[in-house]
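Number of protein chains: 2
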Amino acid sequence: MKVVKFGGSSLANAAQVQKVVNIIKADDQRRFVVVSAPGKRFAGDIKVTDLLITYANDVIKQRPLDDITTQIISRYQEIAQAFHISDADFNEIKAAILQLPDHSYQDNDYLMAAFKAHGEKLNAILFAKVLTSAGLNAKYLDPKDVGLVVTDRPNDADIIPESYDRLGEWAASSIIRVIPGFFGYNLQDQICTFSRGGSDITGAIVARGVHADRYENFTDVNAIYAANPKVVENPIAIHHMTFREMRELAYAGFSVFHDEALIPAIQGDIEVVVKNTNHPSERGTSITSTKRVNPAYPVSGIASSPDFCGIYIRKYMLDKKSYSQKILNILAQYGLSYEHMPSGIDDLTVIMKQDQLTPDLEDLLIRELVIALHPDEIHITHDYALLMVVGEGMLNRTGLMSKATDALARQNVKLVMVNQGASEISMMFGIQQDKADASVQALYDAFFPDL
Amino acid sequence: MKVVKFGGSSLANAAQVQKVVNIIKADDQRRFVVVSAPGKRFAGDIKVTDLLITYANDVIKQRPLDDITTQIISRYQEIAQAFHISDADFNEIKAAILQLPDHSYQDNDYLMAAFKAHGEKLNAILFAKVLTSAGLNAKYLDPKDVGLVVTDRPNDADIIPESYDRLGEWAASSIIRVIPGFFGYNLQDQICTFSRGGSDITGAIVARGVHADRYENFTDVNAIYAANPKVVENPIAIHHMTFREMRELAYAGFSVFHDEALIPAIQGDIEVVVKNTNHPSERGTSITSTKRVNPAYPVSGIASSPDFCGIYIRKYMLDKKSYSQKILNILAQYGLSYEHMPSGIDDLTVIMKQDQLTPDLEDLLIRELVIALHPDEIHITHDYALLMVVGEGMLNRTGLMSKATDALARQNVKLVMVNQGASEISMMFGIQQDKADASVQALYDAFFPDL
Chain A
1 MKVVKFGGSS LANAAQVQKV VNIIKADDQR RFVVVSAPGK RFAGDIKVTD
51 LLITYANDVI KQRPLDDITT QIISRYQEIA QAFHISDADF NEIKAAILQL
101 PDHSYQDNDY LMAAFKAHGE KLNAILFAKV LTSAGLNAKY LDPKDVGLVV
151 TDRPNDADII PESYDRLGEW AASSIIRVIP GFFGYNLQDQ ICTFSRGGSD
201 ITGAIVARGV HADRYENFTD VNAIYAANPK VVENPIAIHH MTFREMRELA
251 YAGFSVFHDE ALIPAIQGDI EVVVKNTNHP SERGTSITST KRVNPAYPVS
301 GIASSPDFCG IYIRKYMLDK KSYSQKILNI LAQYGLSYEH MPSGIDDLTV
351 IMKQDQLTPD LEDLLIRELV IALHPDEIHI THDYALLMVV GEGMLNRTGL
401 MSKATDALAR QNVKLVMVNQ GASEISMMFG IQQDKADASV QALYDAFFPD
451 L
Chain B
1 MKVVKFGGSS LANAAQVQKV VNIIKADDQR RFVVVSAPGK RFAGDIKVTD
51 LLITYANDVI KQRPLDDITT QIISRYQEIA QAFHISDADF NEIKAAILQL
101 PDHSYQDNDY LMAAFKAHGE KLNAILFAKV LTSAGLNAKY LDPKDVGLVV
151 TDRPNDADII PESYDRLGEW AASSIIRVIP GFFGYNLQDQ ICTFSRGGSD
201 ITGAIVARGV HADRYENFTD VNAIYAANPK VVENPIAIHH MTFREMRELA
251 YAGFSVFHDE ALIPAIQGDI EVVVKNTNHP SERGTSITST KRVNPAYPVS
301 GIASSPDFCG IYIRKYMLDK KSYSQKILNI LAQYGLSYEH MPSGIDDLTV
351 IMKQDQLTPD LEDLLIRELV IALHPDEIHI THDYALLMVV GEGMLNRTGL
401 MSKATDALAR QNVKLVMVNQ GASEISMMFG IQQDKADASV QALYDAFFPD
451 L
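Protein sequence lines, in the order shown, are assigned to chains A and B. When we follow the UniProt record's numbering, the leftmost residue of the first sequence carries the number 1, and every step to the right adds one. When we follow the UniProt record's numbering, the leftmost residue of the second sequence carries the number 1, and every step to the right adds one.
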């Protein structure tokens, strides 16, 4: 049995919804359907989730609501009409939209969460009707009914583990269940959403809960590629990768699948398959815990992520343990997180996301570090990119670092950081970010030669 | 004006002492002479310091002392006789040796420190007489008289900064002052020694205190070499390097000059020259704060240091800041220090000296880490060597990492760690230590081609 999840672009309009209906009809193992809110129908269009955020803000600021509610209703109506959903049936959705401001909310955060979540909720209600009208035995299933309970953070909730057992009770039925993605309920029955893009998470939670054989994540790409197609022309598709590879590539900017959604999949050891709603016959990318046997290429993917900075600190004969403890304490004090702290003999560099720092905060931080550490030298360098070469096939292979650094040297890319050894399946390079695209291309050419 | 320091092998016997006399006569700028205890005269010989340690232990355990005192006295007597030191003069030294047990010591640590320090002290007294008999105006100068005050740790003392000013008052005199290395006095006038090999430290302290133009450190090698001559055949001599380079090479096993001795030299910006007592006309190695201009090779030296281990810890979506804080706390709790902590996306490796761990302590540490971190995976790997490629010329050069990793890949050396970016003047590789010598050779060949 399979859990299938469809993203916003797969459900943006009637034509897309029809593709989804066909996909579900094509395989009777697809019994749990998790849906996002309708996404963009064309470039420049507004996602329903964003319309709902506007709606919520209009309510909070007591602005007129007619225009925004009309816009939202019309998005669902367009789909309902195309599938001949009765007015009586559609009125349920329309009323829910109009009545959103009438409920009482603990505060504006909960209000916002509930408004946003209705993008998914109403789409799931509508889609269950669409499936029924297409002759399938389908029913809407609310996260409340299924016992999908989450922690009490209105806009960044986590699943509570007991939810999995309750979900498991729904596994046996042959009815197709349509479940809205993105949200659950806290113990006080208030809607709390996952972080944005969280329908992937719901899909993974359901897949783990019902012990699905496979979690199909339908989106708008044929596969995950070995490099960003906006940077490298026609990169090869990755047809199989491990959870670890996906996680490392996601960290460095591969945004196809939500990071947090991997956790339930890993815990339940559920195969995740990324597929294209528009080309469902394409193989897609399968993500599992098992490594490829004898892969053609030892590397799976190459990614780069911009906007890091590095604080370089040097002191003769520094005591590394007390030094790094002091640094961590100062970072904690300012609520800053760091990514890496490579160390030399008498120096270390704190690599962090630079969007955490303002020029003022930077000055303050440096001053604080000078007072605490009395360094011989301290300076901060901006605009690094982290470049990742990821692949389970790298483990125990000699010569890959040489191949990578060779390729980068030929492009005159200055390596401000090289980090290998912590992760067994990746190499990491710090470079100037204006060289990031050229570096990704060079590494791609080096690691994915024509076979 | 110069401070000169002679190591144990330079003062091991009369023939060596004669070379030292000649060196001092050859340059009237050599006005402060710091001496070690007499070292080995031949392979298998015992250093006077080691004889004194035996002596101290015999006293502590109330064993017979005749044999050991005879051995120690004969070492000094051999030199005294060769330079026709009068019996009356020599009796001072002999009496000091015999009377060592008669003093009162706070505890056995102070006793041990005082016994050991007399290796240097009596050698300095004797050598001042030798210089006088050679027609030079030379006088013994005791660390107590010169105000060389140290912290109250009997066997691992540090200089107290006020000592420098008191030393400065001796700078003007034209008399040659012979000062014993290795020890000072605490505020209670008890002898405390520096860490072993600490005569280098005394020399550097004196050089800083008297504002010497140069600190000449005489030993038994013509220069510091770009690689260990026991590993690489005929490595090139390094004729000039910076303090930073020396420090990084010393960390990785270049043992010519004591690590801590660099600190006063850096603070006083005193040129340190390593020279050979046996070939004083050789250029030696000059260590300063100034970089070489247009060096022939960007790299100065290549070194490897064995006996590291790595604790690999992986947890999906770990929070690096709290994770590393917990690790540092556990290390602190067991009094363990670490060298590096390279991190991947969801994993990090704690690199430490493995002689800190016993199998039992290892088990305990791993158990503690499991409880605190709930990692998805944790394991420890032994017998790493750290390989360092050091050179101020590396800064801002592209392609050196590529050259290094290329050379290592051709030797099938598996890189378990690559670390660059913290130190601006070195690259560091973690390798299996049975490949260390082959790696040093490969890197030497790559970075020091015939010009």
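Accuracy of the hints is not assured; some may be wrong.
One copy or two, it doesn't matter: identical chains are merged, so the pair holds either way.
As a list, the in silico SDA-like pairs of lysine to any residue whose alpha-carbon atoms are at most 25 Å apart [stated by the list, open to error]:
#1 K414 x D445
#2 K61 x D145
#3 K320 x C309
#4 K19 x S174
#5 K321 x S255
#6 K321 x D158
#7 K139 x D406
#8 K315 x D158
#9 K353 x Q99
#10 K435 x L395
#11 K230 x Q62
Treat the hints as calculated values from the structure; they're not laboratory data. Since we're looking at a predicted model, the values are computed, not measured.
Hints, one by one, checked against the model:
Both within a single protomer and between protomers do K414 and D445 lie at most 25 Å apart by alpha-carbon distance, with minima of 18 Å and 23 Å respectively. With identical chains, the CA atoms of K61 and D145 are never at most 25 Å apart, being 33 Å at best within one copy and 82 Å at best between copies. In this assembly of identical chains, the alpha carbons of K320 and C309 lie at most 25 Å apart whether taken from the same copy (21 Å) or from different copies (16 Å). Taking identical chains as interchangeable, the C-alpha atoms of K19 and S174 lie at most 25 Å apart only when both belong to the same chain, with a minimum of 22 Å there against 99 Å between chains.
When the C-alpha separation of K321 and S255 is checked against a cutoff of 25 Å, the pair qualifies only between copies, where the shortest distance is 24 Å, while the shortest distance within a copy is 36 Å. Taking the closest pair of Cα atoms, K321 and D158 come within 25 Å of each other only across two copies (20 Å); inside a single copy the shortest separation is 34 Å, beyond that limit. Taking CA atoms no more than 25 Å apart as the test, K139 paired with D406 passes in neither setting, with 57 Å inside one copy and 61 Å between copies. In this homomeric assembly, K315 and D158 come within 25 Å of each other (Cα to Cα) only across copies, at 18 Å, whereas the closest approach inside a single copy is 42 Å.
When the C-alpha separation of K353 and Q99 is checked against a cutoff of 25 Å, the pair qualifies neither within a copy, at 41 Å, nor between copies, at 66 Å. In this homomeric assembly, K435 and L395 come within 25 Å of each other (Cα to Cα) only across copies, at 18 Å, whereas the closest approach inside a single copy is 27 Å. Taking the closest pair of Cα atoms, K230 and Q62 never come within 25 Å of each other, the shortest separation being 42 Å inside a single copy and 82 Å across copies.
The earlier numbered hints that this structure contradicts are 2, 7, 9 and 11.
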